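Protein chains: 2
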Amino acid sequence: MEEFKQGELTIAPGAPIVLEESNSPHLYTVLEGWAFRYKTLPDGRRQILNYAMPGDLVGLQSSVFEVMSHGVEALTDMLLCVFPRDKLWNLYTRHPGLAFDVTWLASREERLLDENLLTVGRRTALERIAFLIWHLYKRARSVGLTKGGRLDLPITQQHLADTLGLSLVHTNKTLKKLKARGCISWEERTLEIRDKAGLLEIAQVEDTDEAPRPFL
Amino acid sequence: MEEFKQGELTIAPGAPIVLEESNSPHLYTVLEGWAFRYKTLPDGRRQILNYAMPGDLVGLQSSVFEVMSHGVEALTDMLLCVFPRDKLWNLYTRHPGLAFDVTWLASREERLLDENLLTVGRRTALERIAFLIWHLYKRARSVGLTKGGRLDLPITQQHLADTLGLSLVHTNKTLKKLKARGCISWEERTLEIRDKAGLLEIAQVEDTDEAPRPFL
DNA sequence: CGGCTACTTGAACAGAGTCAACTATGGTGG
DNA sequence: CCACCATAGTTGACTCTGTTCAAGTAGCCG
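Residue numbers (this note's numbering), protein chains in the order written: chain C, 125 to 340; chain V, 125 to 340.
These aren't lab readings, by the way, just hints derived from the structure by calculation.
In this list, chains with the same sequence are indistinguishable; a pair is considered to hold if it fits within one copy or across any two.
No farther apart than 20 Å at their CA atoms in a straight line, the calculated lysine to any residue pairs in the SDA-like style are these:
hint, residue 1, residue 2
1, K262, Q328
2, K163, L236
3, K303, V293
4, K262, S193
5, K211, D225
6, K163, D333
7, K297, E251
8, K262, F189
9, K163, W258
10, K163, T332
11, K300, E325
12, K320, P166
13, K163, E251
14, K163, E330
15, K211, L222
16, K163, E334
17, K163, P137
18, K163, R235
19, K129, M177
Keep in mind that this is a model prediction, so the values were computed, not measured.
Please put together the full structure from these sequences, using the hints given.
Encoded structure:
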């Protein structure tokens with residue numbers, strides 16, 4: 125993989141990595157930090173599509189279609205590994221194993237989006253928040269970002285709301301219910317899962333193991 | 125591509141192509157007909173994730189992860205081209221061009237899901253229906269399924285509702301408004317776009333051209 | 001000491017859901 | 001031939017989840 129690496133890039137929290145409708149010449153892999161993908165409507169309504177954590181690919185769409193249909197913004201300080209977009213084709217011709225890994229990651233992103241769509245389309249507000257918190261916790265845990273049920277979660281309630289298709293006010297009130305039930309605590313950016321079984325029951329999910337994943 | 129083809133499969137309307145949580149050994153390409161991908165919650169609430177039309181891939185997730193996290197059901201009579209899942213790897217090693225096309229299609233699916241998620245999360249009921257109708261019309265048109273603004277649309281209002289995260293009743297009433305405004309007509313499974321500009325304005329989208337697509 | 005961002009909280013409102021009844025159509029089998 | 005049933009669509013009345021508006025508090029930074 126080193127052969128395709130063009131360099132590394134550091135980004136500050138809140139900074140854009142890719143803009144909507146832009147034509148970025150780069151494909152990135154997240155080495156450190158969190159980001160989120162989003163789309164906005166002409167009048168400003170924003171929908172967060174998914175989050176990117178270490179090991180995730182950013183900008184594959186622009187590598188394949190020439191243009192990004194979504195934006196990406198950093199949530200924390202980030203370290204990105206930069207690949208020139210036009211070398212992606214070389215990777216497919218010379219390293220089929222890595223090419224397969226790219227497809228694996230794209231397919232995983234699709235699966236995550238499927239789950240988000242089910243959540244936003246068919247779960248209630250309380251279920252949505254429980255699901256998203258579990259989803260983020262689980263993903264963070266799989267890349268070693270948690271310590272004993274605790275996690276530094278670099279997002280605001282506005283991010284939660286924009287991810288779940290809820291208003292900020294209702295998100296706040298519903299999140300409070302989840303805390304009151306003793307499922308979680310979340311103060312000063314630190315999330316703690318206090319009652320995993322209760323959380324999973326509310327979210328209507330089962331705690332399935334996940335297959336090992338490739339890292340590019 | 126012929127080299128990987130295992131055979132063809134015909135399916136009747138309403139028949140399942142892949143079940144949720146199943147482990148299908150096949151990857152399909154749609155040659156004729158429509159299907160839809162969906163997920164369901166334990167209590168039966170259903171979310172339709174996307175529709176599959178001629179040229180689309182079905183079952184890539186199971187080829188990559190061993191298990192499908194969603195189901196697929198036929199809407200019309202279908203003709204599918206069947207590939208054995210375990211030959212996908214051969215395709216990556218021997219035909220990088222086709223491998224790239226698979227990634228292209230996976231990335232396109234991701235883009236479509238992004239749009240659906242924005243729709244379900246942030247658009248109003250009227251906007252959602254306008255968007256989905258345009259979305260389906262445009263995709264059908266790109267594979268030559270339309271004739272002069274008209275399209276045979278093989279879905280019910282229940283499908284619309286389950287795609288958009290709405291109830292059947294509200295979908296019915298909102299769809300009626302869209303008809304009353306003269307944007308569309310939809311009787312006896314035949315959809316007609318009567319006022320494209322009006323429809324696009326309600327849906328809050330622009331009519332962008334799309335890049336040429338690969339067909340496997 | 002402002003001014004900013006994140007978070008809270010209450011009250012009024014509305015978009016969408018639920019319940020229930022009814023129409024239309026097509027297929028099935030006695 | 002027709003009673004019966006299932007599916008799809010329609011409509012009205014009522015309810016409720018979630019939105020909007022508005023007014024706060026708390027912490028942080030220059």
